[in-house]
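Take the given structure of chain S and dock chain R to it, following the hints.
Chain by chain, the residues:
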Amino acid sequence: MVDTKDYGEYKTAWCPGCGNFPLLKAVKQALVKRGLEPHQVLFIAGIGQAAKAPHYLNANLFNGLHGRCLPVATGAKLVNPDLVVIAESGDGCMYSEGGNHFLAAIRRNVDITLLAHNNQVYGLTKGQASPTSDEGFTTKAQPEGVALAPFNPLAVAIAMHAGFVARGYVGLEDHLVDVLVQAIGHRGLSLVDILQPCVSFNRVNTYQWYKDRCKPLPSSYDPTDWEAAIRFSQQWGDEIPVGVIYRNERPPFEDHFSALRKGPLVGQELERGRLAKIIETYT
Amino acid sequence: MKRERRVKQKRRREKRTGHPAERKFVNILIGGEAGQGLQTVGSIFAKSLVRSGFSIYATQTYESRVRGGHNTFSIRVGPEKVLAGQEAIDILIALDEETIDLHQKELTKSGLIIGDGEWKRKGKNWIGLPLKEFGEKTYWNTACMGVAAGLIGLDEQVVAKAIEDTFGKERSKENWKVLEASYHWLKEQSLDWEKLADIPRPAKRLVMNAHEAVALGAISAGLKFCAFYPMSPSTSIAQALIDRAKDMDLVIEQAEDEIAAINMAIGASYAGAPSMVPTSGGGFGLMVEAVSLAAITETPVVIVIGQRSGPATGLATRTEQRELGFVLNAGHGEFPRAVFAPGTIEECFHLTRKAFELAEKYQGPMFVLTDHFFADSYRDIKPMDVSKLSFVRPQGDPSSVKTPYLRYRITRNGISPRLLPGLSKHLVVADSHEHTENGHLTENLSVRPKMVDKRLRKGDGIRSEAIPPNFQGDRKADVLLISWGSTKGAAEEAAIQLRSRKKRVATLHFSQVWPMVPDQFVKHLEQSKRVICVESNATGQLAQLIRKETGFFIGKRISRYDGLSITPQYILSRL
Chain S
1 MVDTKDYGEY KTAWCPGCGN FPLLKAVKQA LVKRGLEPHQ VLFIAGIGQA AKAPHYLNAN
61 LFNGLHGRCL PVATGAKLVN PDLVVIAESG DGCMYSEGGN HFLAAIRRNV DITLLAHNNQ
121 VYGLTKGQAS PTSDEGFTTK AQPEGVALAP FNPLAVAIAM HAGFVARGYV GLEDHLVDVL
181 VQAIGHRGLS LVDILQPCVS FNRVNTYQWY KDRCKPLPSS YDPTDWEAAI RFSQQWGDEI
241 PVGVIYRNER PPFEDHFSAL RKGPLVGQEL ERGRLAKIIE TYT
Chain R
1 MKRERRVKQK RRREKRTGHP AERKFVNILI GGEAGQGLQT VGSIFAKSLV RSGFSIYATQ
61 TYESRVRGGH NTFSIRVGPE KVLAGQEAID ILIALDEETI DLHQKELTKS GLIIGDGEWK
121 RKGKNWIGLP LKEFGEKTYW NTACMGVAAG LIGLDEQVVA KAIEDTFGKE RSKENWKVLE
181 ASYHWLKEQS LDWEKLADIP RPAKRLVMNA HEAVALGAIS AGLKFCAFYP MSPSTSIAQA
241 LIDRAKDMDL VIEQAEDEIA AINMAIGASY AGAPSMVPTS GGGFGLMVEA VSLAAITETP
301 VVIVIGQRSG PATGLATRTE QRELGFVLNA GHGEFPRAVF APGTIEECFH LTRKAFELAE
361 KYQGPMFVLT DHFFADSYRD IKPMDVSKLS FVRPQGDPSS VKTPYLRYRI TRNGISPRLL
421 PGLSKHLVVA DSHEHTENGH LTENLSVRPK MVDKRLRKGD GIRSEAIPPN FQGDRKADVL
481 LISWGSTKGA AEEAAIQLRS RKKRVATLHF SQVWPMVPDQ FVKHLEQSKR VICVESNATG
541 QLAQLIRKET GFFIGKRISR YDGLSITPQY ILSRL
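Respectively, the protein sequence lines represent chains S and R.
Just so you know, we're using this note's numbering here: the first sequence kicks off at 1 and counts up by one.
Just so you know, we're using this note's numbering here: the second sequence kicks off at 1 and counts up by one.
Since the hints were derived computationally from the structure, they do not count as laboratory data.
Which stretches of chain S does chain R cover? Using the computed rule of at least three CB atoms under 8 Å from a CB of chain R, they are:
no.: 1; region: 55 to 64
no.: 2; region: 80 to 87
no.: 3; region: 97 to 109
Subject to a maximum C-alpha distance of 27 Å in a straight line, what follows is the list of computed DSS-like cross-link-like pairs (lysine-lysine):
no.: 4; chain 1: R; residue 1: Lys161; chain 2: S; residue 2: Lys277
no.: 5; chain 1: R; residue 1: Lys195; chain 2: R; residue 2: Lys124
no.: 6; chain 1: R; residue 1: Lys388; chain 2: S; residue 2: Lys277
no.: 7; chain 1: S; residue 1: Lys11; chain 2: R; residue 2: Lys450
no.: 8; chain 1: R; residue 1: Lys81; chain 2: S; residue 2: Lys277
Since we're looking at a predicted model, the values are computed, not measured.
In this text, a Cβ means the ideal position worked out from N, Cα and C, and glycines have one as well.
Chain S on its own, in the form it takes in the complex:
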């Protein structure tokens, strides 16, 4: 039986009190709850404080470039669909630098779990606005306040009929673990936007701020109701709903490739006889 100890404990480069700590713990618990062993899991990380998270547990890891973890994850998953692929990075990496890949990943619906650490600020580059910063949020780089409308990842994903769309909050640990377990189990792209405070650069969206607002969706909530999901995704104020907001059963992208019906692409031998026949057609 796999245990959280199998995923290890490591020294981190995070600030004391960082929202990444409970998030890392929740991810390990979710993996254990799904009965996954470290070698069955592949993390693809971007760049930023959030993207360091997979370095602090035992699993396969490809830590790539800022904004580019989704295409790397897509390539890896298509080659070996047996791997449980988790793309993990921050709001800047996923929604800003990687914005085009975010849209394309939703459209493809590859069986990847997308974990976006959302603290509404850039931490590693020391406090600039992020794509999810609220309007008016002041920083050193935006001294007169953010003028851009915030990116709403959930609303965008639901509008595009993404396979699985959820929001978690690191302060609601058991709830977050449950959302992660569902996300990892979903076949298709599962987006989990995870609210977590940045204790160094975000003095507005603090633990207390989120605690006052984050409310789990009622048990009567039907995540297959797209219109309700769109409505809930717009809620961002005195109350912020957390939980699985939308899901559907769209088949995952990898099901479309005839080459994958025989099993993973990795290890498949070259069929020289068939190639010879193809070459014949050039006579």
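Positioned in the frame of chain S, the structure of chain R alone reads:
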């Protein structure tokens, strides 16, 4: 005595007909608008010629548009290996009248023009066809080709078979009727045109262009994954792979942009599939950060760049050899690489294979440079025997590695044991940060130089496998023509023509432009009286590289950057 008589007969005949009796090479140019089926009839014509035993070199030019404009498909044909295309036209097939106005000046003295009889053109070289009598307008291209094929003496049945192989039986029926009508019409004319000599037992040859050869070379090397974003001229590589994906169990994905394409390929390769990305200069510009990623994560990936005119969008469908300097230096940071620039269709196949082998062995990005002209150039080649070719299997042996497994174990040759994620209990950790041997990020500054050195040591191995440039001709030549990539044939034919004028000429061709190993070729530079570098770019990128690596300054350059390819005539007229 016999021989003398034959020569006399030949002279008499030449005098009577006004053109030489033995046509060694014939250059046929088909011109018309985009959408008139030039490429289709051109390739049917080329196929028919090759099946009849002739050697061909077919090239194309076109504008960046879907319909209209002026496009050409030219086939130079002869009884022996054709090294390059040429400008002078022997048979001009005009699918529109503009073609005549544009190309008339390129006709040889005995050259003929084939076109629509209704254009009412005059002149002894004009062959106006009663196209309406042959069939519907859609098939006029076939009719014009049929007359040209008949003129040079191709068997109608060979052409009919090539049509069938292109369209299938059902769709060939109307084409066959028109073909028959055109052959029949030709028979009734008293056109005096020296036919190509018969080739009794034609050997089996393939007709292939550079990008088809790249794609097949890649598959034969074990390619399993390709991601791309469409861009001329390299879309044709992806398309050739897509066409074979089902048969060969490949995954080919059109990415949302070039950045995604190369990152997908890197992810795929990390997970165990030999991967490739085809692109052109602009697309490669977007990929550059990920080249660096492949280098530091030590992930094999083959990048093919079909060069075209630049900067930026430049001339989107015209040729240039502009990216040598770019590719040599692309990617931030220092890391080894190899850059191939195949000069023939065969080399496209084999050097793409070599790129895959090196990428796997040395675990990093490897490059193949083609160009727009080359991508659309068809030639006849000997069929490759794939039954014995080796292919890349990126599966390390998990039982042979020491525990704990270290993805970036420091070794003497810099090559670390590569395992694949998920195939064993060993965890495979790759990182774009500087990392320790286990793959996790580090800021330990004593680790850093060790890792830099480890990666660079792989460069020694790559260098030891560098293919020397191909030297042909006199060791102490008066003129040495240097070329790289697709200009090989043009340079070699120019040299042949110069030798026939009793000039001492040699050629030196680089099919691998990096790593450059001076010991392999510097003596040729020093022993020749005049060294000339032939390149399709304005600044002489190979000449600069040679100077940087050897100190040898090449004073004379023949450069072309008007978007057209370098031909033997272009070289000869600029010596």
